[in-house]
Amino acid sequence: MAVTNTRVDSDLIVGVKTGTKASGGDEIKNFRFSKIKIDAADDAIYAVGAKIASVLPYPTKYIQRVNDNLLMSE
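Going by the working numbering, the sequence shown opens with residue 71, and the numbers climb by one from there.
If you're looking for bench data, these hints aren't it; they were derived computationally from the structure.
Just so you know, not all the hints are guaranteed correct.
To be verified - Below, in silico cross-link-like pairs of lysine-lysine (DSS-like), each with a Cα-Cα straight-line distance of 30 Å or less: (1) K105 x K121; (2) K105 x K87; (3) K105 x K131; (4) K91 x K131; (5) K87 x K131; (6) K87 x K121; (7) K131 x K121; (8) K107 x K131; (9) K99 x K87; (10) K131 x K99; (11) K91 x K107; (12) K121 x K107; (13) K107 x K87; (14) K91 x K121.
Computed from a predicted structure; not experimentally measured.
Taking the hints into account, I'd like the entire structure generated from these sequences.
Right, dumping it as structure tokens:
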């Protein structure tokens, strides 16, 4: 059975360190931006995430792209 994979949505997440937990680990806050253009290049998404991170008052931990795909049998 053949399966097709179609990207239906893409989100950008900028994770920042907002403090330290009592256990010593990092306290992380995610800023999520939904409905990112699904055919945008990864380097373009990263560049946008880096620009967003540059105006936040916290150090950046990561920039993440999350893709939502639809799998259908043919």
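Hints, one by one, checked against the model:
Annotation: proposed proximity of K105 to K121 holds, straight-line Cα distance about 18 Å (limit 30 Å). For a cut-off of 30 Å, the pair hint linking K105 to K87 stands: about 24 Å separates their Cα positions. Distance hint between K105 and K131 is fulfilled; the C-alpha atoms sit about 22 Å from each other, no more than 30 Å. With a CA separation close to 15 Å, the supplied pair K91 and K131 stays within the 30 Å bound.
Our distance criterion of 30 Å between C-alpha atoms is met by K87 and K131, whose separation comes to about 6 Å. Restraint check for K87 and K121: the C-alpha separation of about 16 Å stays at or below 30 Å, so the hint holds. Pair hint K131 plus K121 holds up; C-alpha atoms about 14 Å apart against a cutoff of 30 Å. For the given pair, K107 sits about 23 Å from K131 by alpha-carbon distance, which is consistent with the 30 Å threshold.
A distance of roughly 6 Å separates the Cα atoms of K99 and K87; the hinted pair therefore holds under the 30 Å criterion. A C-alpha spacing of about 9 Å is found between K131 and K99, which places the hinted pair at or below 30 Å, so the restraint holds. Pair hint K91 plus K107 does not hold up; C-alpha atoms about 35 Å apart against a cutoff of 30 Å. For the suggested pair K121 and K107, the alpha carbons sit about 17 Å apart, so the restraint of at most 30 Å is met.
Distance check on the hinted pair: K107 and K87 sit about 27 Å apart at the alpha-carbon level, within 30 Å; holds. About 27 Å separates the Cα atoms of K91 and K121, which keeps this hinted pair within 30 Å; it holds.
Of the numbered hints stated above, the single one contradicted by the structure is hint 11.
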